[in-house]
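**Student:** For the protein sequence lines, the chains are A and B, in the order given.
The first sequence runs 1190 to 1352 under this note's numbering.
The second sequence runs 115 to 398 under this note's numbering.
These aren't lab readings, by the way, just hints derived from the structure by calculation.
Do not take every clue at face value.
List of simulated lysine-lysine pairs, DSS-like, C-alpha gap at most 30 Å [what the hints assert, rightly or not]:
hint, chain 1, residue 1, chain 2, residue 2
1, A, Lys1236, B, Lys211
2, B, Lys211, B, Lys265
3, A, Lys1236, A, Lys1290
4, B, Lys211, A, Lys1288
5, A, Lys1288, A, Lys1236
These numbers come from a predicted model, not from an experiment.
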Amino acid sequence: MRRADLDLERARAAAAAVPDPEIPVLTLEDLGVLRGVERREGRVVVKLTPTYTGCPATQFIRLAVETALALAGLADARVETVLSPPWSTDDISAEGRRKLKAYGIAPPAGKASVRALFGEETVACPRCGSSSTSRISEFGSTPCKALWRCEACAEPFDAFKCL
Amino acid sequence: MSSTTAALQSRRAPARKAKAGGRTSRPAAGKADAASSPLFSYVVSLADDALVLGHRLSEWTGYAPTLEEDIALPNLALDLIGQARFFYAYAGEIEGKGRDEDALAYLRDEHGFSNVLLAEQPNGDFAATMLRQLLYAAFMHPYFQALTASKDARLAEIAAKAVKEMAYHVRHSAEWVIRLGDGTEESRRRAAAALDELWMYTGELFEMGEGERALVGAGVAVDRESIRPAWDATINRVLAEATLERPAPCGMQSGGRAGRHTEYLGRMLAEMQVLHRAHPGVTW
């Protein structure tokens, strides 16, 4: 393999393994925000997309990726933000969904696009699996989560919102 | 400056041309913007709407009536301030004079802002904040939906991102308006009063200047009048469920797009901009 390709592989591996600062069980790869690695004008460019436009974690993610790239020996690599296509919860990998559930966060249910504006939603409790749950608040501890409560096991829990 | 806005703006480049919109150019600031390209003015107006309303919402941080709302309102604020950042950054590139998002947000005066008057209205009580949010989001959700088809790829991709967030804003504010309107005697009285007070600012959402009309013709901007059926449908449905009466047609307030604001915007900007103006190019 040529050296240039090795650099791209190293950059991808380093960026992919960076944990999300707010949901550290997920890597950026699990979250689906890593949009590609390429070489432009001799420099490695890592493309990231934000989850929510105003998510405060975005800049920490960027810093963490820059640090990871520097540690991988790619100090001159650049991180670039891309918006299109917009990130969706459908981009969270199957592995990411499994990790979320094990961490106590209900993964996003189904396809984001089909959700009606005022439609009812059902979320299964990530602890006991019951679907007898109710929403406490549309907005949870981070922009991407809502606050729910399980009527069966009485535990409150975070649920990843469909976006 | 609220901690929410501050936290969001913490990664900043030095303001390169602090003088461009600074205190010294007070009377000229509005005219200077109006005189620049229609696309620049249009993108700045989208940013100003989002930033001003976003900052208003951030003022609730730490004061909301319940813990859940204390989390929800800053989250709504974050969405709007995030949208504003993307629009300002794009506007700065269009202008090509080295003004970045910070220069546009922090170094323009009241008359240089072109947001709708609805966005700058004070928070009032919780009912007023929720009514203001519903009236705005019920417009911006279908508006961004339509803007995703813009011939301007940058605007289309920012809109595609924002439309998903505005859907939550509509739902959240609608649920509260229904709960307050169809609630206790006091909550109903407050919701009805807020609706009455804010209604006269809704006409401006549909206003377009000459420059914006030209952009609509070019397939870049969205015809605001085309959003009316969707806005009416959402508002009528929510008000009916809230058992609140839709206010009768009345004279509509106007002027925000031209930089003529209610007295509230200047005070809000004074607080929002003070840190950046006192310490130009500050970072933390």
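**Student:** Quick one, are Lys1236 of chain A and Lys1290 of chain A close enough, alpha carbons at most 30 Å?
**Tutor:** holds, 27 Å
**Student:** Would you mind confirming whether the straight-line C-alpha gap from Lys211 of chain B to Lys265 of chain B stays at or under 30 Å?
**Tutor:** Given that 30 Å is the threshold and the Cα spacing comes to 24 Å, the pair holds.
**Student:** Check the hint pairing Lys1288 of chain A with Lys1236 of chain A against an upper bound of 30 Å on the C-alpha distance.
**Tutor:** holds, 24 Å
**Student:** Would you mind confirming whether the straight-line C-alpha gap from Lys1236 of chain A to Lys211 of chain B stays at or under 30 Å?
**Tutor:** holds, 27 Å
**Student:** Between Lys211 of chain B and Lys1288 of chain A, does the CA-CA distance stay at or below 30 Å?
**Tutor:** violated, 47 Å
Violation of the numbered hints given earlier is confined to hint 4; every other hint is satisfied by the structure.
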